[in-house]
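Peer 1: Order-wise, the sequence lines are chains A and B.
Numbering-wise (this note's numbering), the first sequence opens with residue 1 and increments by one.
Numbering-wise (this note's numbering), the second sequence opens with residue 1 and increments by one.
Honestly, I wouldn't trust all of these hints.
[Unchecked claim] Pairs of lysine-lysine, PhoX-like flavour, derived with a Cα cap of 20 Å:
{"no.": "1", "chain 1": "A", "residue 1": "K55", "chain 2": "B", "residue 2": "K70"}
{"no.": "2", "chain 1": "A", "residue 1": "K90", "chain 2": "B", "residue 2": "K78"}
{"no.": "3", "chain 1": "A", "residue 1": "K17", "chain 2": "B", "residue 2": "K197"}
{"no.": "4", "chain 1": "A", "residue 1": "K18", "chain 2": "B", "residue 2": "K78"}
{"no.": "5", "chain 1": "B", "residue 1": "K78", "chain 2": "B", "residue 2": "K197"}
[As the list claims (entries may be wrong)] Derived CB-CB ranges, DEER-like:
{"no.": "6", "chain 1": "B", "residue 1": "M119", "chain 2": "A", "residue 2": "Q21", "range": "40 to 46 Å"}
{"no.": "7", "chain 1": "B", "residue 1": "M119", "chain 2": "A", "residue 2": "R106", "range": "26 to 32 Å"}
{"no.": "8", "chain 1": "A", "residue 1": "R105", "chain 2": "B", "residue 2": "E239", "range": "19 to 25 Å"}
{"no.": "9", "chain 1": "B", "residue 1": "P106", "chain 2": "A", "residue 2": "K90", "range": "19 to 25 Å"}
{"no.": "10", "chain 1": "B", "residue 1": "L93", "chain 2": "A", "residue 2": "G99", "range": "39 to 45 Å"}
{"no.": "11", "chain 1": "A", "residue 1": "A77", "chain 2": "B", "residue 2": "F237", "range": "55 to 61 Å"}
{"no.": "12", "chain 1": "A", "residue 1": "L5", "chain 2": "B", "residue 2": "R58", "range": "18 to 24 Å"}
{"no.": "13", "chain 1": "A", "residue 1": "R106", "chain 2": "B", "residue 2": "D240", "range": "30 to 36 Å"}
{"no.": "14", "chain 1": "A", "residue 1": "A33", "chain 2": "B", "residue 2": "T190", "range": "26 to 32 Å"}
{"no.": "15", "chain 1": "B", "residue 1": "T13", "chain 2": "A", "residue 2": "K56", "range": "33 to 39 Å"}
{"no.": "16", "chain 1": "A", "residue 1": "A33", "chain 2": "B", "residue 2": "D240", "range": "31 to 37 Å"}
{"no.": "17", "chain 1": "B", "residue 1": "L93", "chain 2": "A", "residue 2": "Q82", "range": "46 to 52 Å"}
{"no.": "18", "chain 1": "A", "residue 1": "R105", "chain 2": "B", "residue 2": "S178", "range": "30 to 36 Å"}
{"no.": "19", "chain 1": "A", "residue 1": "G54", "chain 2": "B", "residue 2": "L93", "range": "33 to 39 Å"}
Hints were generated in silico from the structure; no laboratory data involved.
Beta carbons are placed, not taken as given, at the ideal position from N, Cα and C, and that holds for glycine.
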Amino acid sequence: MPEHLRIRDRLRIESFKKLGQDVTLGAVEIDPAKCTGCGLCVKACAAGTIELVGKKARMRTVFPICHSCADCVAICAQNAIQMKQFLELKKYFRYLDRGKPEPPRRF
Amino acid sequence: MAEETKASVEKETKIKPPDSGAEFNEVEDLIYRRRSARFYKKQQVPEYLVRRLLETARFAPSSGNAQPWKFIVVQDRKMIEEMTRDVVAFCKLACRFIDYLDGWNPLKEWTAKLMQRLMNNLLHPIPFAALKLIAEEKLGLWHGAPTVIIMLTDKRCPGDPAVDVGIAGENLVLAAHSYGLGTCWVSFCTPLKMMPKWRKRLGIRYPYKLVTSIALGYPRGVPDGYVTRETSAIDWFAEDGTFKVVY
Ligand SMILES: Cc1cc2nc3c(=O)[nH]c(=O)nc-3n(C[C@H](O)[C@H](O)[C@H](O)COP(=O)(O)O)c2cc1C
Ligand code: SF4
Ligand code: SF4
Numbered sequence: 001m002p003e004h005l006r007i008r009d010r011l012r013i014e015s016f017k018k019l020g021q022d023v024t025l026g027a028v029e030i031d032p033a034k035c036t037g038c039g040l041c042v043k044a045c046a047a048g049t050i051e052l053v054g055k056k057a058r059m060r061t062v063f064p065i066c067h068s069c070a071d072c073v074a075i076c077a078q079n080a081i082q083m084k085q086f087l088e089l090k091k092y093f094r095y096l097d098r099g100k101p102e103p104p105r106r107f
Numbered sequence: 001m002a003e004e005t006k007a008s009v010e011k012e013t014k015i016k017p018p019d020s021g022a023e024f025n026e027v028e029d030l031i032y033r034r035r036s037a038r039f040y041k042k043q044q045v046p047e048y049l050v051r052r053l054l055e056t057a058r059f060a061p062s063s064g065n066a067q068p069w070k071f072i073v074v075q076d077r078k079m080i081e082e083m084t085r086d087v088v089a090f091c092k093l094a095c096r097f098i099d100y101l102d103g104w105n106p107l108k109e110w111t112a113k114l115m116q117r118l119m120n121n122l123l124h125p126i127p128f129a130a131l132k133l134i135a136e137e138k139l140g141l142w143h144g145a146p147t148v149i150i151m152l153t154d155k156r157c158p159g160d161p162a163v164d165v166g167i168a169g170e171n172l173v174l175a176a177h178s179y180g181l182g183t184c185w186v187s188f189c190t191p192l193k194m195m196p197k198w199r200k201r202l203g204i205r206y207p208y209k210l211v212t213s214i215a216l217g218y219p220r221g222v223p224d225g226y227v228t229r230e231t232s233a234i235d236w237f238a239e240d241g242t243f244k245v246v247y
């Protein structure tokens with residue numbers, strides 16, 4: 001059966017000021033040894049999550065609102081990026097009925 | 001025409017579903033590879049290609065075959081820039097009321113949350129954050145794409161027109177990726193429908209409603225590729241009367 005919202009969560013909106021408690025932001029892991037600093041991942045990201053510092057890509061430290069789309073992973077020709085954490089909203093906007101992450105599967 | 005149809009029927013009878021575990025076919029591969037492109041070359045997409053793509057949208061299924069879509073192609077770079085500027089200005093204005101992240105302002109945060117609850121689709125945390133990024137010009141609107149396809153629906157059509165326009169648009173998007181083009185769905189163009197200037201210039205008035213848009217162009221780098229995503233629970237009432245959940 002579909003998962004539903006708890007009644008008490010219907011009136012509680014996540015605050016971006018309570019990271020960890022209300023929201024777990026998505027996160028990627030970038031291998032600096034593989035990164036050539038091409039900057040394509042910075043452009044690919046719809047969330048302004050990645051920045052280039054000293055010709056290496058890294059996750060921004062301030063408000064990196066990654067929604068784990070993996071567009072950066074797909075565009076990196078060096079395979080330097082991996083998904084580390086998928087976005088979790090924990091109150092009213094909680095994603096329901098989610099299972100663990102998988103690549104396209106051949107059933 | 002008749003011969004063509006006959007040929008396609010003959011071909012269809014030869015097509016079989018894959019065996020379990022078989023390699024992906026071309027269509028599946030295309031679907032899995034498609035990623036949104038947010039960085040484009042300056043080179044314009046030729047008119048014939050855009051028309052070829054729009055043709056795929058025309059043959060999408062629609063509720064009652066009502067085809068409730070209206071496409072507006074914009075290849076005029078100045079016009080794209082002007083629309084972008086106006087949307088950025090709109091996002092800046094909206095942020096003045098609801099961006100509670102700049103500094104300590106409990107009243108602003110409370111207002112923002114109330115609005116998020118009332119306009120839950122528009123102000124879901126993800127677009128809410130994107131609104132701030134667009135206002136700060138850290139996220140583009142159409143990402144420098146040379147062609148923008150704005151999509152309107154006719155409000156009087158059967159069913160839910162947003163479903164139909166979504167299907168038609170995805171036909172076009174998949175065809176574009178099969179040519180090596182890049183696309184990005186962009187619903188952040190919707191503030192345009194609130195601006196009298198653009199309502200007039202684009203002709204958005206009853207019964208038309210601006211729903212979304214698609215950015216189109218030659219991508220820089222290769223954005224397409226397979227990725228990992230969360231699965232979702234699928235409820236299954238089986239033939240033998242049992243129930244299960246699969247992922
Ligand atoms: C209806 C719709 C509207 C979207 N609006 C935007 C938008 O305004 N800006 C943007 O950068 N991406 C937009 N996207 C793209 C999504 O962010 C993207 O599809 C999602 O993150 C999944 O990534 P993928 O398309 O690479 O698989 C939109 C997608 C859809 C389907
Ligand atoms: S796309 Fe890959 S190689 Fe290029 S900057 Fe990003 S991580 Fe580095
Ligand atoms: S997964 Fe998506 S949102 Fe997260 S850093 Fe990569 S491109 Fe940005």
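Peer 1: Each hint should be assessed against the structure and marked as holding or not.
Peer 2: Hint-by-hint comparison with the structure:
1. For a cut-off of 20 Å, the pair hint linking K55 (chain A) to K70 (chain B) is broken: about 45 Å separates their Cα positions.
2. With a CA separation close to 42 Å, the supplied pair K90 (chain A) and K78 (chain B) exceeds the 20 Å bound.
3. Among the hinted pairs, K17 (chain A) with K197 (chain B) is inconsistent with the structure: their alpha-carbon atoms are about 37 Å apart, more than 20 Å.
4. For the hint pairing K18 (chain A) with K78 (chain B), the CA-to-CA distance comes to about 41 Å; that exceeds 20 Å, so the pair is violated.
5. A distance of roughly 15 Å separates the Cα atoms of K78 (chain B) and K197 (chain B); the hinted pair therefore holds under the 20 Å criterion.
6. Restraint check, M119 (chain B) to Q21 (chain A): a C-beta distance of roughly 24 Å breaks the suggested window 40 to 46 Å.
7. Evaluation of the 26 to 32 Å hint for M119 (chain B) and R106 (chain A) yields a failure: the beta carbon distance comes to about 40 Å.
8. The beta-carbon spacing between R105 (chain A) and E239 (chain B), approximately 22 Å, falls within the hinted interval of 19 to 25 Å.
9. At roughly 20 Å, the beta carbons of P106 (chain B) and K90 (chain A) sit within the given window of 19 to 25 Å.
10. About 40 Å separates the C-beta atoms of L93 (chain B) and G99 (chain A), a value consistent with the hinted range of 39 to 45 Å.
11. With their beta carbons about 45 Å apart, A77 (chain A) and F237 (chain B) fall outside the hinted range of 55 to 61 Å.
12. For L5 (chain A) paired with R58 (chain B), a C-beta distance near 40 Å fails the hint of 18 to 24 Å.
13. The hinted range of 30 to 36 Å is not satisfied by R106 (chain A) and D240 (chain B), whose Cβ atoms lie roughly 25 Å apart.
14. Roughly 43 Å separates the CB atoms of A33 (chain A) and T190 (chain B), a value that falls outside the hinted 26 to 32 Å.
15. Between T13 (chain B) and K56 (chain A) the C-beta distance comes to about 55 Å, which lies outside the given range of 33 to 39 Å.
16. Range check, A33 (chain A) to D240 (chain B): Cβ separation about 54 Å, and the 31 to 37 Å hint is violated.
17. Between L93 (chain B) and Q82 (chain A) the beta carbon distance is about 38 Å. The supplied range of 46 to 52 Å is therefore violated.
18. At about 22 Å, the beta-carbon gap between R105 (chain A) and S178 (chain B) misses the expected band of 30 to 36 Å.
19. In this structure the supplied range 33 to 39 Å holds for G54 (chain A) paired with L93 (chain B), their Cβ-Cβ distance being about 36 Å.
In summary, the structure is inconsistent with hints 1, 2, 3, 4, 6, 7, 11, 12, 13, 14, 15, 16, 17, 18 from the numbered list given earlier, while agreeing with the others.
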